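Asker: For reference, the chains in residue letters:
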Amino acid sequence: MKIILGLFGLLFLAGCEDLVTKFESEEKGFLYKTHHSINPPTSADTLKVMTWNIRFGARRLDWFGDSCGDRVILSDDEVLLGLAGIADKIEELQPDILFIEEIDVDSKRTGYIDQMQWLLDNTYFNYGAYTSMWQAQYVPSDGIGRINTGNAILSRWNITDVKRIQLALRGDQDALTKYFYLRRNMLIAKIAVPNLNNFFGACIHAEAFSTDDTKKKHVEQCLEELTKITNNGGLFILGGDFNLLPPGSDSTDFCDEDGCSDEHFHGKNDDPFHKEGSNYTPEITWLQPMYDNFFCAVPLTEFQSDQLHHFTHTTNHSDGFWNRTLDYLFSNVNFIAGSDSTHQEAIPLSDHCPVTAKWKVPK
Amino acid sequence: MEGAEVKNIKLITLLLLIWSAGLGESATADESFWVRESAFLLQRGRIEKGIFQPLIYGFSENLEFSTHALAFFVMPNLSIKLSHQNVGNWRFASTHGLIYPTPLLRLISREGTGGIISPEFSIPHLIGISNGVLVSRQFQSELITLKAAIDVGLKMGKLDERTTIDLPLVYPRLNSFYTSCGMKFGLDVRHQFSSKFDILADADWFVFPGSDDGFAWEHKILVAYHSRRNRFSLGYKLVYGEYPFGKAWHLIAPIFDYQRAWGK
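Chains A and B, in that order, give the protein sequences.
Under this note's numbering, the first residue of the first sequence is numbered 16, with each subsequent residue one higher.
Under this note's numbering, the first residue of the second sequence is numbered 1164, with each subsequent residue one higher.
Okay, chain A solo, but in the shape it has when bound (with noise of 0.2 Å):
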């Protein structure tokens, strides 16, 4: 292999662009529109926002990185079939804006389907903003192949500024593994609604499989983003997957319910101990930071009164229900009480439910 590996890299010594895009600490992410534009509302008392990890339109296909399946190549009629859902679901709840994490733009996984000017093609959204956190000509690893693949935001209104902050890579991995891997991202872009001078759209998708304090650099590193975007006298909605749990959360070792049929975890023997990205436990108050200096669109106490209520994410695909809190809101203004809905009934279209909230825009 590491002779296939060897001519790999000689194929690609000196080409135009690299094999794996590294990305800069900041810059600038891209800007979409859509080819049919549709006149936005020219004012907004309240603005209904959501986030979603769509999955790159997979839907509950069992895909082999993120569950116990061994797809990897989606054929074009499943990822517009996923498509298709997600638009539909997004014409019924009818956002503002939509973090979005997990879409792909140039992948072969996904029959290199654009998904940022699909969904605004097929929806009523006119602009979007991406930002890569997987970006390779060519992933030499179970034929993943070329992939890019990241964060967005879709919104009515005009985009613009768009920023992307590197976090902080994996530190539990081997150079080679790190190489090819993802490269988490945090998108901050300023989304022109009306009568609002200064405010910022935020998408985070942190990272899930680390086993060390990665995470945790990722909640720091948003942290004083968004404390950045305060300070400046600016406005914020985040969206985004952390990855982690809600402080407080009754469940915080999903090994068993993660692992494969051929996995075993927890015994004396067993290496690894834990499935990666399966224990919460040393992680529990990770995410405390965030609900302590922002608003959550789900309230932490509300939370913790009703967890099973406000699970977002499963990595069951045959027929489990969702198990975990992994999905957030959050902004620097009060969300309005008791707007947030969890809506579980998007079962079928991911792995992860999107969540809404409405926003009472500042006069």
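The set of hints was computed from the structure by calculation and includes no laboratory data.
A quick note: this is a predicted structure, and the numbers were derived from the prediction, not measured.
Ideal placement from N, C-alpha and C gives every residue a C-beta, glycine not left out.
Hints may be right or wrong, so weigh each one.
Restraint-style ranges between C-beta atoms, simulated for each label pair [as the list claims (entries may be wrong)]:
hint: 1; chain 1: A; residue 1: Asp227; chain 2: B; residue 2: Gly1409; range: 33 to 39 Å
hint: 2; chain 1: B; residue 1: Leu1270; chain 2: A; residue 2: Gly248; range: 56 to 62 Å
hint: 3; chain 1: A; residue 1: Pro287; chain 2: B; residue 2: Leu1332; range: 58 to 64 Å
hint: 4; chain 1: A; residue 1: Glu42; chain 2: B; residue 2: Leu1332; range: 29 to 35 Å
hint: 5; chain 1: B; residue 1: Tyr1263; chain 2: A; residue 2: Glu42; range: 44 to 50 Å
hint: 6; chain 1: B; residue 1: Leu1317; chain 2: A; residue 2: Asn54; range: 55 to 61 Å
hint: 7; chain 1: A; residue 1: Pro287; chain 2: B; residue 2: Tyr1263; range: 40 to 46 Å
Distance condition first, Cα-Cα at most 20 Å in a straight line; then the derived SDA-like pairs of lysine to any residue [to be verified]:
hint: 8; chain 1: A; residue 1: Lys378; chain 2: A; residue 2: Asn212
hint: 9; chain 1: B; residue 1: Lys1321; chain 2: A; residue 2: Ser90
hint: 10; chain 1: B; residue 1: Lys1410; chain 2: A; residue 2: Arg161
hint: 11; chain 1: B; residue 1: Lys1410; chain 2: A; residue 2: Gly126
hint: 12; chain 1: A; residue 1: Lys37; chain 2: A; residue 2: Ala190
hint: 13; chain 1: A; residue 1: Lys193; chain 2: B; residue 2: Gly1275
hint: 14; chain 1: B; residue 1: Lys1410; chain 2: A; residue 2: Asp33
hint: 15; chain 1: B; residue 1: Lys1318; chain 2: B; residue 2: Val1333
hint: 16; chain 1: A; residue 1: Lys193; chain 2: B; residue 2: Glu1274
hint: 17; chain 1: B; residue 1: Lys1400; chain 2: A; residue 2: Leu34
hint: 18; chain 1: B; residue 1: Lys1410; chain 2: A; residue 2: Leu34
hint: 19; chain 1: B; residue 1: Lys1400; chain 2: A; residue 2: Asp33
hint: 20; chain 1: B; residue 1: Lys1318; chain 2: B; residue 2: Pro1239
hint: 21; chain 1: A; residue 1: Lys373; chain 2: A; residue 2: Gly249
hint: 22; chain 1: B; residue 1: Lys1410; chain 2: A; residue 2: Ala190
Here the structure of chain A is known, so what remains is to put chain B in place on it, guided by the hints.
Answerer: For chain B alone, kept in the frame of chain A given last:
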């Protein structure tokens, strides 16, 4: 692409300067060795082998065998080159090849690192058949070769189009298994500017009728130092292709090879 274009222009300029520096000299290419990809055949009994170039054996005055020996165990392959009647100063030869890439493709269809093709797909038995013609003319210091070939890809079963390897150099060479057949045209110009140095410039066109991604163009320049037994070459390759993800340029540099000869 700007950076690569500038790099490419500088490299081409340098190589053209080297080439033109030798134009005042006249050196005749020896027709009996280092003649791969021309209508000339190796001398009978001579063997040439490169790190990347195939193993070539001059069997007789009219027949030459070649195989990519290192890859043979995972991708059995064999070609022959036959010389034909000359027409005036033009030499004619034909090439005929067989390749069986299935073991290699199955080897790289795997989970984990080294998985170039997704293991969810099965790779049937595949046989590639190539037939081509080469027409060469030797001028005083230049050897010009025109090439044309038809590649046919035979499949003993279903080959899912999602098994394509969407990489430069690889994609057009396997495309005949997805489109059933493809054509290749080429032009080589080799200038011998001393008895030890030559420079090769070539261009190849790959065409797959009826395919959405049915075109590729490759160009390389190689500067070589050689003796009767050894040949060192260094250069670059520029590739333009249509792939399932769209059109793309790739500059592969440096490319190099070392070839050794035995026998005559």
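Asker: None of the hints should be skipped; say for each whether it holds.
Answerer: To see whether the hints hold, each was checked on the structure:
1. A:Asp227 with B:Gly1409: 33 to 39 Å: Holds, at about 38 Å.
2. B:Leu1270 with A:Gly248: 56 to 62 Å: Roughly 60 Å apart at Cβ, these two residues keep to the hinted range, so it holds.
3. A:Pro287 with B:Leu1332: 58 to 64 Å: violated (39 Å)
4. A:Glu42 with B:Leu1332: 29 to 35 Å: Roughly 31 Å apart at Cβ, these two residues keep to the hinted range, so it holds.
5. B:Tyr1263 with A:Glu42: 44 to 50 Å: For Glu42 (chain A) against Tyr1263 (chain B), whose Cβ atoms are near 47 Å apart, the range 44 to 50 Å holds.
6. B:Leu1317 with A:Asn54: 55 to 61 Å: Because 57 Å falls inside the window, the suggested range holds.
7. A:Pro287 with B:Tyr1263: 40 to 46 Å: For Tyr1263 (chain B) against Pro287 (chain A), whose Cβ atoms are near 41 Å apart, the range 40 to 46 Å holds.
8. A:Lys378 with A:Asn212: holds (11 Å)
9. B:Lys1321 with A:Ser90: Holds, at about 15 Å.
10. B:Lys1410 with A:Arg161: holds (14 Å)
11. B:Lys1410 with A:Gly126: Holds, at roughly 15 Å.
12. A:Lys37 with A:Ala190: Given that 20 Å is the threshold and the Cα spacing comes to 13 Å, the pair holds.
13. A:Lys193 with B:Gly1275: The hint holds at about 14 Å.
14. B:Lys1410 with A:Asp33: holds (17 Å)
15. B:Lys1318 with B:Val1333: holds (18 Å)
16. A:Lys193 with B:Glu1274: Holds, at about 18 Å.
17. B:Lys1400 with A:Leu34: With Cα atoms ~17 Å apart, Lys1400 (chain B) and Leu34 (chain A) stay inside 20 Å; holds.
18. B:Lys1410 with A:Leu34: Measuring from Cα to Cα gives roughly 16 Å; hence the hint holds.
19. B:Lys1400 with A:Asp33: holds (17 Å)
20. B:Lys1318 with B:Pro1239: holds (16 Å)
21. A:Lys373 with A:Gly249: Distance ~19 Å between Lys373 (chain A) and Gly249 (chain A) Cα, so the pair holds.
22. B:Lys1410 with A:Ala190: violated (31 Å)
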